[in-house]
Amino acid sequence: MSPTPTAAPAIELIGIDKKFGAVHANKNINLTVAKGSIHGIIGENGAGKSTLMSILYGFYHADAGSIRINGKDTVIHDSQAAISAGIGMVHQHFMLVENFSVLENVILGVEGGALLGRGVSEARTALKRLEADYGLEVDPDAIIEELPVGLQQRVEILKALYRGAEILILDEPTGVLTPAEADHLFKILGVLRDQGKTIVLITHKLREIMAITDTVSVMRRGEMVATRNTSETTVEELAELMVGRRVLLRVEKGPAAPSDVVLSVRNLTVKDGRGVTMVDNVSFDVRAGEVVGIAGVAGNGQSELLEAITGIRKPASGEILMHGQPVTGFDSARLRALGLGHIPEDRHHMGLVLGFEENENSILGYHRDPRYGRGMLLDLDACRDDAKAKIEKYDIRPPNCRLKTANFSGGNQQKIVVAREIERDPSLLVVGQPTRGVDIGAIEFIHRRLIAMRDAGKAVLLVSVELDEIRSLSDRILVMFAGRVVGEKTPDTGEQTLGLMMAGIAA
Amino acid sequence: MSTASVPLPNWITYGLMPFLNLVVAFLISGVVVWFIGESPLDAVTLLLQGALGNGEGIGFTLYYATNFIFTGLSVAVAYHAGLFNIGSEGQAYVGGLGAALASLALDHYVPWYVTMPFAVVGAAIFGAAWALIPAWLQAKRGSHIVITTIMFNFIGAAMMVYLLVHVLIVPGKMAPETRVFLEGGQLPKLDWLIAMFGGKLGPAPFNASFLIALFMCVVVWVLIWRTKLGYEIRTLGANPTAAVYAGIPYVKTVIITMLISGGLAGMMALNPVLGASARLQVEFVGGAGFVGIAVSLMGRSHPLGIVLAAILFGVLYQGGDALSFDMPKITRDMIVVIQGLVILFAGALEYLFRPTIVRVWQRFGKA
Numbered sequence: 001m002s003p004t005p006t007a008a009p010a011i012e013l014i015g016i017d018k019k020f021g022a023v024h025a026n027k028n029i030n031l032t033v034a035k036g037s038i039h040g041i042i043g044e045n046g047a048g049k050s051t052l053m054s055i056l057y058g059f060y061h062a063d064a065g066s067i068r069i070n071g072k073d074t075v076i077h078d079s080q081a082a083i084s085a086g087i088g089m090v091h092q093h094f095m096l097v098e099n100f101s102v103l104e105n106v107i108l109g110v111e112g113g114a115l116l117g118r119g120v121s122e123a124r125t126a127l128k129r130l131e132a133d134y135g136l137e138v139d140p141d142a143i144i145e146e147l148p149v150g151l152q153q154r155v156e157i158l159k160a161l162y163r164g165a166e167i168l169i170l171d172e173p174t175g176v177l178t179p180a181e182a183d184h185l186f187k188i189l190g191v192l193r194d195q196g197k198t199i200v201l202i203t204h205k206l207r208e209i210m211a212i213t214d215t216v217s218v219m220r221r222g223e224m225v226a227t228r229n230t231s232e233t234t235v236e237e238l239a240e241l242m243v244g245r246r247v248l249l250r251v252e253k254g255p256a257a258p259s260d261v262v263l264s265v266r267n268l269t270v271k272d273g274r275g276v277t278m279v280d281n282v283s284f285d286v287r288a289g290e291v292v293g294i295a296g297v298a299g300n301g302q303s304e305l306l307e308a309i310t311g312i313r314k315p316a317s318g319e320i321l322m323h324g325q326p327v328t329g330f331d332s333a334r335l336r337a338l339g340l341g342h343i344p345e346d347r348h349h350m351g352l353v354l355g356f357e358e359n360e361n362s363i364l365g366y367h368r369d370p371r372y373g374r375g376m377l378l379d380l381d382a383c384r385d386d387a388k389a390k391i392e393k394y395d396i397r398p399p400n401c402r403l404k405t406a407n408f409s410g411g412n413q414q415k416i417v418v419a420r421e422i423e424r425d426p427s428l429l430v431v432g433q434p435t436r437g438v439d440i441g442a443i444e445f446i447h448r449r450l451i452a453m454r455d456a457g458k459a460v461l462l463v464s465v466e467l468d469e470i471r472s473l474s475d476r477i478l479v480m481f482a483g484r485v486v487g488e489k490t491p492d493t494g495e496q497t498l499g500l501m502m503a504g505i506a507a
Numbered sequence: 001m002s003t004a005s006v007p008l009p010n011w012i013t014y015g016l017m018p019f020l021n022l023v024v025a026f027l028i029s030g031v032v033v034w035f036i037g038e039s040p041l042d043a044v045t046l047l048l049q050g051a052l053g054n055g056e057g058i059g060f061t062l063y064y065a066t067n068f069i070f071t072g073l074s075v076a077v078a079y080h081a082g083l084f085n086i087g088s089e090g091q092a093y094v095g096g097l098g099a100a101l102a103s104l105a106l107d108h109y110v111p112w113y114v115t116m117p118f119a120v121v122g123a124a125i126f127g128a129a130w131a132l133i134p135a136w137l138q139a140k141r142g143s144h145i146v147i148t149t150i151m152f153n154f155i156g157a158a159m160m161v162y163l164l165v166h167v168l169i170v171p172g173k174m175a176p177e178t179r180v181f182l183e184g185g186q187l188p189k190l191d192w193l194i195a196m197f198g199g200k201l202g203p204a205p206f207n208a209s210f211l212i213a214l215f216m217c218v219v220v221w222v223l224i225w226r227t228k229l230g231y232e233i234r235t236l237g238a239n240p241t242a243a244v245y246a247g248i249p250y251v252k253t254v255i256i257t258m259l260i261s262g263g264l265a266g267m268m269a270l271n272p273v274l275g276a277s278a279r280l281q282v283e284f285v286g287g288a289g290f291v292g293i294a295v296s297l298m299g300r301s302h303p304l305g306i307v308l309a310a311i312l313f314g315v316l317y318q319g320g321d322a323l324s325f326d327m328p329k330i331t332r333d334m335i336v337v338i339q340g341l342v343i344l345f346a347g348a349l350e351y352l353f354r355p356t357i358v359r360v361w362q363r364f365g366k367a
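Residue numbers (UniProt numbering), protein chains in the order written: chain A, 1 to 507; chain B, 1 to 367.
Hints were generated in silico from the structure; no laboratory data involved. No incorrect hints appear here.
Simulated crosslink set (DSS-like; lysine-lysine; CA at most 25 Å straight-line):
id: 1; chain 1: A; residue 1: LYS19; chain 2: A; residue 2: LYS404
id: 2; chain 1: B; residue 1: LYS228; chain 2: B; residue 2: LYS252
id: 3; chain 1: A; residue 1: LYS404; chain 2: A; residue 2: LYS388
id: 4; chain 1: B; residue 1: LYS228; chain 2: A; residue 2: LYS388
id: 5; chain 1: A; residue 1: LYS72; chain 2: A; residue 2: LYS35
id: 6; chain 1: B; residue 1: LYS252; chain 2: A; residue 2: LYS314
id: 7; chain 1: A; residue 1: LYS253; chain 2: A; residue 2: LYS205
id: 8; chain 1: A; residue 1: LYS205; chain 2: A; residue 2: LYS27
id: 9; chain 1: A; residue 1: LYS253; chain 2: A; residue 2: LYS489
id: 10; chain 1: B; residue 1: LYS140; chain 2: A; residue 2: LYS314
id: 11; chain 1: A; residue 1: LYS271; chain 2: B; residue 2: LYS140
id: 12; chain 1: A; residue 1: LYS271; chain 2: A; residue 2: LYS314
id: 13; chain 1: A; residue 1: LYS393; chain 2: A; residue 2: LYS253
id: 14; chain 1: A; residue 1: LYS404; chain 2: B; residue 2: LYS228
id: 15; chain 1: B; residue 1: LYS189; chain 2: B; residue 2: LYS200
Bound conformation, chain A alone (with noise of 0.2 Å):
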């Protein structure tokens, strides 16, 4: 576990200081990660964990302070250098050229020369090579497209490997993995401590950090505020650590109580844009009082069930049916005017217009409402005071309904998201991926409104690829995958039993 203490640390941060304008976004961080350990670095958003990262990447340059890799002072002036000093780095979003092969991507940068094949031959070796060292196979020539997110993320490690990274930042490496993909993961990541790599973790999921860390730093507000060995920590000290105060991270909440049933769906089927068959003939019902929650790995057509649902794709067949109304292929202002309430999966390509001021936003779906503006005209100063009681009553933080919506946090982004659909009162709450990319802090607010919404007698439909969250909010839960629902289980259901079930594995 402990590393040796007489080696040189592999990554010293000494010192270093970074402003946005008024926004101060790393003060005077120090960090010292040890040769071949794990280290996880925890924060909420905006604490600054990407800027650090991004500065150590190259990305930035730091206002003051020093960088040294392995005991030397380096200056790291771009990713060029990060990589030529052994840094490598796993993105969140990846980095590949999804119509390229697996070869091709590794190579892409590093082709050796104005021809490719004696680069390719050379990758192919070297390839070979890392599979066998790390247990990291993956087909050289698949092409990425085709292959499952977590083999995409295996190839982002063999990228960094193949050109030689001693040192690994993963950002938020499990956001889009199952549970069996994870622990996959974290093994190749144990191995590669092993073998003498270092490791850097970015990550809000306490769980993991606990799983899989030697030491972890968690930071505040741009500040250090503390480092611990893993081993004499726990995740409330962590939490509380990170937010500042203390936090519930079990959702606390009675018995449901379903009455009718307000969502029906019928023998539901939906194809995407390329015609291949995404939800294949699903029918369940949600009732008001309950919270009803889809589990399943990403891409196995809870997306296209969520967007038929709410009027954004048309289904080939089958029917929905609100209040037992039909209202199969509804646009979204029809079913709204119903009493549909969304909380899309992705809010920044879906529910939020970025370049929008706050309050814009604030009445998206909902602008053709009287209360905003008789006839045609907008009335700018009810859109601006409508905006400002839902700062107010659900602490969107800067308080303040004329900035630009990307000028938001990301927890801040979806609570204007969430405000703007719970304060309508729907009688059925459709919600997505609910606290992707929030902070802790913000996913304990998001969860108690959505019980609390389930308390009123509202119907919730929630999907989400987070098993957690899955468990705690719903009363039932349906497993999604390939399309078909596989089996409805109760919330204390273990997560081994929901993770075969995802994996198509058990009914």
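Since the structure of chain A is already known, use the hints to place chain B on it.
Structure of chain B alone, referenced to chain A:
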């Protein structure tokens, strides 16, 4: 990549950056002028003198600017919905037909102020109609609006030539143009406006359509930032997926936006057709539709910016004419080069200096 998301205050984004771009464009133009053996300083003086030195020059400058305001607004409205309307040129051309028909029908019977609203509506309807088919093809069939509007420029040009040569031509005349409108079919000159500032308009064709253009700026501003339709247009342009999520109907919004855009382009015809030459002529648009793209880009699709950019291009047009008259070495083509440089720096390279400015701002701005 590291500076792209850093927010800057508006006076930098909308004031300093366009200004710097303009300065660089003029500096490079100066080098070009110097290369062909003329003094850049003299050239600038002549250009400004010609464009702004007297009432007549100003009249011509504002006459050109009027064209560019209309086409700039046309491009801007479409741009807010994420649609790149390259067809303002053709829509303006066809709009001229609507305006001319109104004048031809009414000028015998009524004074100009009765004809004017009919001409305005006629120009707008004809311009909008010319945008309808590309809009429909985009909305329903996904045919790219850039391609279809370009094609409609050609179709419109051919159609107008046909109509002017075969249908609207005055029998017995050689010129492919309509008869000259009587006073009841013309828009009055704004000589009083120039006179207010102590100038004399002279033969410059500066006319009442300038005021219509300014009025349309207000209308467009209200439309885009104060109406629900404008909100939907901006949502569609900024994030089409969010527009679907919000239940904003794509087909309807695209078609309405393009009709408004085409209508604004069509209204540009009022200026040359009713205001200047008092007849419909072949190729009266003369590229103003394309200049409108540059004007809209430079004006950041905001009416105020569009007015300023349109006046700038008016200065370049009018001053350029004066310059090529006084400095024979600087031909009309040289003026086009200078305009091209302005478009290049103000439009295509609008963020050229942003990273530098961000760095300076972070160091010396609000601490």
